[in-house]
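*Asks:* So the chains spell out like this:
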Amino acid sequence: MSNAYRVYGFIAPSSSKFGFSTPVFENDGNLYVQIIDNDTIKGFEPVYLEHLDSYEGGVEEFYSVGSNAVYCAKFDRRSHIFGDRSYMSRFLKQSVNEYVHIPYFYKAAHKFCSLSEPEYLDDLNDKDYLLRQTLSNVMQHYLTDNEVKVKQQSNNCPVDINRQHLTIQKLFISHKSDSFDSLVKDIVNYAYEKHNNISNFTYISELMSNNLESEIFPESINKHDADFYVFKRCLSGAIDIKNSPKTDSYNVKNRLSNYLSVTYKDQDDINLDLWESKVRESSLSLSSLSLASFISTSLINKIIEKDNS
Amino acid sequence: MRYREHIDGQQSTLNLIPLMHTCDGIGFRGIIDSKQIATTHCSVFNENLAYYFYGRPAYRLKREDCTGMIQLFPVCFIIEPAGISSFKRAYPFDTGAFDAALYQQHVVSKLEMSQFEFKPNFDFIKKFVEYIYTNNSNYYKGKATLSSDDLPPLAAELQSIVHIINNKGLAQVDDRCTTIEVQSDGPLDITNGSVKAIIMPSEMLGDESVTQLLIDYNIDPITYEVYRSSPSSTTSVILNKASEYLSDTGVI
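Chains as they are written, first to last, in our numbering: chain U, 148 to 456; chain W, 4 to 255.
If we strip away everything but chain W, and leave its shape as in the complex, we get (with noise of 0.2 Å):
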């Protein structure tokens, strides 16, 4: 049995986890002014998509391109799976670090990256995760419960996933590769009630178009401190925030 037939052949009893869309300032105010996550050309892909994290804000803003204030202070949607409207495809880890070779000693080789793609639908997600992760809060956490020898001895792309979870050294250089990415090619309304919360420095409440934004839609503000952080720190200073969140309202 191969990849995808061996994890659709698996339990899946756990809750879904939102979906995370990290942009910088600048992407925020994009946002809010179009009300729309928009697609962009990926180049990894050659195509129109937006890409979303499944229950972790794992996207990293690119150091090179935080040249002015509003930059250096991400912004993360917190989004129901369910307002996605046109699932493209997933795949267990950030694809464009997989492109970047970031996992290459990890992963088996003469594998393609589209071995890895996830059958494009939530319920491949959710029994992927339980089946290596058991819960949602291991899976939050990075932290796998199937071990190398519970798989199939074929199993070179589980192999390689399971390799890539456990090795504790890639994994506190960059949570991505632990982290299942979720592409759309469609827009997504911000406006259609799926946007849950969104977390954000404090001082962009004091922009009127975000509180109308919140209040109207019933998004929650989800606000962590500017002074508290380095620009290299706010990665687990939102990872934390959504932790909380995720925990709160019972998800994890």
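Okay, chain U solo, but in the shape it has when bound (with noise of 0.2 Å):
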């Protein structure tokens, strides 16, 4: 038998579409996985398996004991992407925004390389990536049940941005009501509705008594004129507010000033110290801001991949 053991497919816990898989390796026509200690194959181990997923890449992969672990990914459309911790690293971060509203998978990704996205602040633990997930679940269900269309158009006024001029496109949900804030209770009520539960997270209730677009948006923001960016942004520049000390105001600063500078044209009339203050004294939490970025990016992922399949 050789040393060298040949990537011959994958096995995956469930039939998701995402997730980490186990690499299955082949030597002498039997198949093993491996045994890892600290990122280095240490040994391999026989499996007996009737099915897997076979790895249909062109070039042969051969590994042996003192090799690099391999660490394999399930991704939807690309089937499965492996390789080392450094290139599963890199690949899963530049990748995020594919499964940042699948909480399972960011979870799993997150363990693997420590991921930092407002959709997912602060310290969550296991039954907060539950309420994530379930609720993802339910917005499936709740785009069938509910018009939720979004429009793409260019804004008129280009904005300019390092004295280029760039034309910009405004992302538009349209839903009963034009208030992102609605929305977003719209479908915590929805999913209420299947799951009561979910009001044991006292984030959800603070979420529910609070005007996510009064507490969050800068004054001088106009939230009729408002597209889906410029919400995102904003909740996104609240977020960072609110993570960081006050100590850090400079530095905060410095950052807001960007959260807009692609999205609203008129960035240069907000006041950045308000704003900051405004969102430092605001009773919504860090969790709830967290958890209102998590449902508005999955809402418009949802949408895209419904619109697309």
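Calculated from the structure, these hints are not laboratory results.
Beta carbons: idealized from backbone N, C-alpha and C, even for Gly.
Fair warning: there could be bad hints in the mix.
What the hints assert, rightly or not - Take a look, some chain U residues computed to stay more than 10 Å from chain W by CB distance:
hint, residue
1, Asn150
2, Val212
3, Ser226
4, Leu262
5, Asn358
6, Thr394
To be verified - Straight-line C-alpha distance at most 30 Å; calculated DSS-like pairs for lysine-lysine:
hint, chain 1, residue 1, chain 2, residue 2
7, W, Lys199, U, Lys341
8, W, Lys244, U, Lys164
9, U, Lys164, W, Lys199
10, U, Lys274, W, Lys144
11, W, Lys199, W, Lys38
Both chains are given apart, each in its own frame, so use the hints to dock them into the complex.
*Replies:* Take a look at the structure:
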């Protein structure tokens, strides 16, 4: 038997579209999985499998004891991606937008390579991930039962960024109300009708008893003119403020100016000091803002998925 | 004084530890669909039984049965003992392993398996744990504090049990020898509030029926990542997760 083990296929614990998989190796007609120690292959143990997802890559990949351990993730459209920890970490960080609305996979990826997306703050436990996964599942039904559409629209007034004129696409969501706050609340209420226990999360009640837009928008932004991107950027800015100590105010304000730079043409009118103090005084916690961010990102991703399917 | 009476005369000041029921992914799917942990035919006792381990996820999936993806990754239910409606029997070890003669060289010959049977109640189990291990934490670690010298000279059953527990080689190979087995002859309704947590691969949360069960019945998800473990190491992954849960909830 040779010392070289060829990547032969992959096994996953469920048929979910996204997830980590276990690579299966072949040597001399037998199948094996690696035994990992500190990101290095320290051995191979035999497995007996009737079915596995086969590797259909064009290049044969060989590994032996002492090689970097092989990690693998199943990605919806791109089948299996695999490589060592460094390669997979880079890949998972670069492609986070593709799975940020899939909590169970985000959590696994976060454990693998430490992510810090605004949709998943602050210091979440398994139950917080379960809440997000439940909302994500429910959103699928919500979109079937409710008329929610996205509409892209070019901005007639180009924005001047670094002396370049850019025409920016705006993204509007049509719903029974034109407010993002009411859309987020409508989704939470819909989820509550199916799963009463989500009210056990205190930050759900917090979210329901405050008006998101009033709490997070800088005063000079016109709520009625704001598209989804402006809403999202304001939310991310508010999350950044809540997530940073007051002593870091100088750096926070530097970052805040960037949040709206590519989405809001009148960004210079925004008083960053006022925005920061308004958010700091808001009764919405980091947890509820992060959940609102998760709901809005998931909604858009799911609408796009639905439209593409 | 004989085995059962001797243990029954001991103190029982410890908290009860949850029961653990481990299955593979196929079994998990069946449990979710039927909303119960059903009894199945047991060839050792020749009757329909559901098996649980007291405080430790000691069950091992049979490797020869693992021929598909979902079967390689175990799932463990953590259950309040009060949820077991029909407590049939309990033993200080896994009876399947005893029946397969795994403990043969550690048990006084001529002793039948039935001679090790507990009284079928949880108070007896608590007394046993306190007597042999002093506390729940030592029980979880399989570390007996009672030595053979402390036992009545004719307590052959207890001598055998302490010998099995203290045999490090055997314990390392298989922790089922130090884990109390509880048998029930009725199904467990998993929606009755007694299931406190489920340990599972995080990918299983992608299934809506799983999240629905967890959120609607206040069951804690405890997930593990499959990329970390080869099939042979999932038992220790689950053991660590269960230990964290019991420690976080103040049981051990």
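*Asks:* What hints, given by number in increasing order, does this structure fail?
*Replies:* Nothing - there is no hint that the structure violates, so all of them hold.
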